[in-house]
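Mind docking chain B on chain A? Use the hints.
This is what each chain is made of:
Number of protein chains: 2
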Amino acid sequence: MRPRCSVLTGLAACLLLGPLAATAQDDMLWRQVAEENTVYMELQEGLVVLELNPAFAPKTVQQFKRLVQEDFYRGLSFYRVIEGFVAQGGDESDIGIPTTQPSLKAEFEISWDDELPWMRVEQKDFYRAETGFIDGFAAARSGKKAWLTHCPGVVAMARETDPDSSRTDFYIVIGQAPRYLDRNLTIFARVIYGMDVVQRIRRGPIEQNGIIENDLDRSRIVRMHMAAEVEVEQKKDFYVMDTSSKGFKGYMDQRRNRKDDFFHQKPPKVLDVCQVPVGIRAEKADVPEQLLTPLLEQATENSPGEAGG
Amino acid sequence: MRPRCSVLTGLAACLLLGPLAATAQDDMLWRQVAEENTVYMELQEGLVVLELNPAFAPKTVQQFKRLVQEDFYRGLSFYRVIEGFVAQGGDESDIGIPTTQPSLKAEFEISWDDELPWMRVEQKDFYRAETGFIDGFAAARSGKKAWLTHCPGVVAMARETDPDSSRTDFYIVIGQAPRYLDRNLTIFARVIYGMDVVQRIRRGPIEQNGIIENDLDRSRIVRMHMAAEVEVEQKKDFYVMDTSSKGFKGYMDQRRNRKDDFFHQKPPKVLDVCQVPVGIRAEKADVPEQLLTPLLEQATENSPGEAGG
Chain A
1 MRPRCSVLTG LAACLLLGPL AATAQDDMLW RQVAEENTVY MELQEGLVVL
51 ELNPAFAPKT VQQFKRLVQE DFYRGLSFYR VIEGFVAQGG DESDIGIPTT
101 QPSLKAEFEI SWDDELPWMR VEQKDFYRAE TGFIDGFAAA RSGKKAWLTH
151 CPGVVAMARE TDPDSSRTDF YIVIGQAPRY LDRNLTIFAR VIYGMDVVQR
201 IRRGPIEQNG IIENDLDRSR IVRMHMAAEV EVEQKKDFYV MDTSSKGFKG
251 YMDQRRNRKD DFFHQKPPKV LDVCQVPVGI RAEKADVPEQ LLTPLLEQAT
301 ENSPGEAGG
Chain B
1 MRPRCSVLTG LAACLLLGPL AATAQDDMLW RQVAEENTVY MELQEGLVVL
51 ELNPAFAPKT VQQFKRLVQE DFYRGLSFYR VIEGFVAQGG DESDIGIPTT
101 QPSLKAEFEI SWDDELPWMR VEQKDFYRAE TGFIDGFAAA RSGKKAWLTH
151 CPGVVAMARE TDPDSSRTDF YIVIGQAPRY LDRNLTIFAR VIYGMDVVQR
201 IRRGPIEQNG IIENDLDRSR IVRMHMAAEV EVEQKKDFYV MDTSSKGFKG
251 YMDQRRNRKD DFFHQKPPKV LDVCQVPVGI RAEKADVPEQ LLTPLLEQAT
301 ENSPGEAGG
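Protein chains in written order, with our numbering: chain A, 1 to 309; chain B, 1 to 309.
Pulled out of the complex, with its shape left as it was, chain A reads as follows:
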């Protein structure tokens, strides 16, 4: 048994020796999230920050950025929210409310390119494709195609049966990865900050497929801004683990091969691409280096109870 850590004295330091050690490797590199791909989504429940992915969904990102810049989402709601599945928001055009916004061509997958910064996770995943990371996004590939994969925190466009029918309504995955949706919807962003806030979005009734009919009962988008439009004192620089770095590979290897005495039954040496938290740091320009906890919460790897044991 390792030395006890008291909650009152030195717990933080003590715990740092544990799970975070894996993420604090010397060779872990960090990539700064580009300002032009950073969206601040202010909900009634708090701040959520998204990173857009123009490499996989250029046209969708372009339209989404335009909508954000036009303040289109201001005051709109999450009108369809299913616990364990998705929170869907927008102007409700997806459920028949008329809109003048143009529909988007499907961007479900891209052509494989050997230049992509691919970090393999599994050669053959449960879903029969190779999984990996590209610039912090969980992805998969098969043959000459690659696509972003439906993990918790992923943001994608809702649509009707027509693959080219997405307009403004989007959803955030809030539960166990619905991987069966891969290559059928356009994933264009992911939550890099405030996933705990997303989890507070009010749920709808299942007998109405998650639709919250009473507008008053819905969580609302207060506003969305591109990072460039955010006031300096509220702005942060975001850094995500460089998923193509040696350090990230080492971090994955530690998760795949659990050597800790905690594991009396060694787990199978496999990694679910949606169960590898990509660590995130947030820094404020004039503060030395401020760790914003809700972000880094995603960077842990640990075992319940192991903390102080």
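Rather than coming from a laboratory, the hints here were simulated on the basis of the structure.
Hints may contain errors.
Unchecked claim - Below, simulated DSSO-like cross-link-like pairs (lysine-lysine); rule was C-alpha separation at most 30 Å, straight line:
1) B:Lys65 / B:Lys124
2) A:Lys269 / B:Lys259
3) B:Lys145 / A:Lys259
4) B:Lys145 / A:Lys145
5) A:Lys259 / A:Lys235
6) B:Lys124 / B:Lys235
7) A:Lys145 / A:Lys246
8) A:Lys144 / B:Lys269
9) A:Lys266 / B:Lys145
10) B:Lys266 / A:Lys59
What the hints assert, rightly or not - Each pair of labels, with its calculated beta carbon distance range:
11) A:Lys269 / B:Gly143: 14 to 20 Å
12) A:Trp30 / B:Ala228: 24 to 30 Å
13) B:Ser111 / A:Asp217: 22 to 28 Å
14) B:Lys259 / A:Arg128: 51 to 57 Å
15) B:Ala34 / A:Gln69: 28 to 34 Å
The beta carbon of each residue, even a glycine, is placed where N, CA and C say it ideally should be.
For chain B alone, kept in the frame of chain A given last:
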């Protein structure tokens, strides 16, 4: 394109033709959750209901029930909460606060028994075991052993390195299934109601491994009661899908083999045992049949945007 459903007129009826149709099969049977295995956990955020599993963790369930009956958990907090991973609560004995409660022998797995009401999901899952359901609980088996598996909503005992060191502290899985913990911790219950409430439990900072040092910042357990002790007007009867019924098998088959036109790219015909919502109904004794929405939210199967399309 199918007929549009207006939000204002007949949406509910319209949507019922969609996802819920699969769960409303004639041959779907429902099992009433035994009162002696039903725990009402009242949090500051709302009501959560657990179903205990004495078949897999008899001694743990026995001690947990005693603690509930002794009002042990009243006012205790969720002191370690990591977004996307677990919410851990109890008397903090797991992190070194002295307790007089006895430690429990590990109940990580049971011997396989051909009499178990096993409904197979996958013969060989990504985690290299056969997966299935037993009485609504996601489970796995290999050789002569069977165990409950770490899906969202699962409740298990925290422990230190010693496998027999669980006492009162438990955790609820709130993120992507951490299956690597299987057979290393004692799963003894699952959330059958109020998972949306669980998702509102306040998160802790990752640099302290999720520990919330300031007691005031923690979510609290107002009280826990066994169902038998709950006042009649607040009490509900809970019914879960009978996972050994033909109807449940049909429901799984529909999820495994997506025939809907929505799927332009047919998903691989595999099922993640943690991505099969086991439907739940709640009824009140003197009300004809009241569907409680947060429960049934877990019973859906659908596609974002498909709702009104």
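We went through each hint and held it up to the structure:
{"no.": "1", "hint": "B:Lys65 / B:Lys124", "in the structure": "violated, 35 Å"}
{"no.": "2", "hint": "A:Lys269 / B:Lys259", "in the structure": "violated, 33 Å"}
{"no.": "3", "hint": "B:Lys145 / A:Lys259", "in the structure": "holds, 23 Å"}
{"no.": "4", "hint": "B:Lys145 / A:Lys145", "in the structure": "violated, 40 Å"}
{"no.": "5", "hint": "A:Lys259 / A:Lys235", "in the structure": "violated, 40 Å"}
{"no.": "6", "hint": "B:Lys124 / B:Lys235", "in the structure": "violated, 40 Å"}
{"no.": "7", "hint": "A:Lys145 / A:Lys246", "in the structure": "holds, 25 Å"}
{"no.": "8", "hint": "A:Lys144 / B:Lys269", "in the structure": "holds, 21 Å"}
{"no.": "9", "hint": "A:Lys266 / B:Lys145", "in the structure": "holds, 15 Å"}
{"no.": "10", "hint": "B:Lys266 / A:Lys59", "in the structure": "holds, 24 Å"}
{"no.": "11", "hint": "A:Lys269 / B:Gly143: 14 to 20 Å", "in the structure": "holds, 18 Å"}
{"no.": "12", "hint": "A:Trp30 / B:Ala228: 24 to 30 Å", "in the structure": "violated, 54 Å"}
{"no.": "13", "hint": "B:Ser111 / A:Asp217: 22 to 28 Å", "in the structure": "violated, 48 Å"}
{"no.": "14", "hint": "B:Lys259 / A:Arg128: 51 to 57 Å", "in the structure": "violated, 18 Å"}
{"no.": "15", "hint": "B:Ala34 / A:Gln69: 28 to 34 Å", "in the structure": "violated, 56 Å"}
Checked against the numbered hints above, the structure breaks hints 1, 2, 4, 5, 6, 12, 13, 14 and 15 and satisfies the rest.
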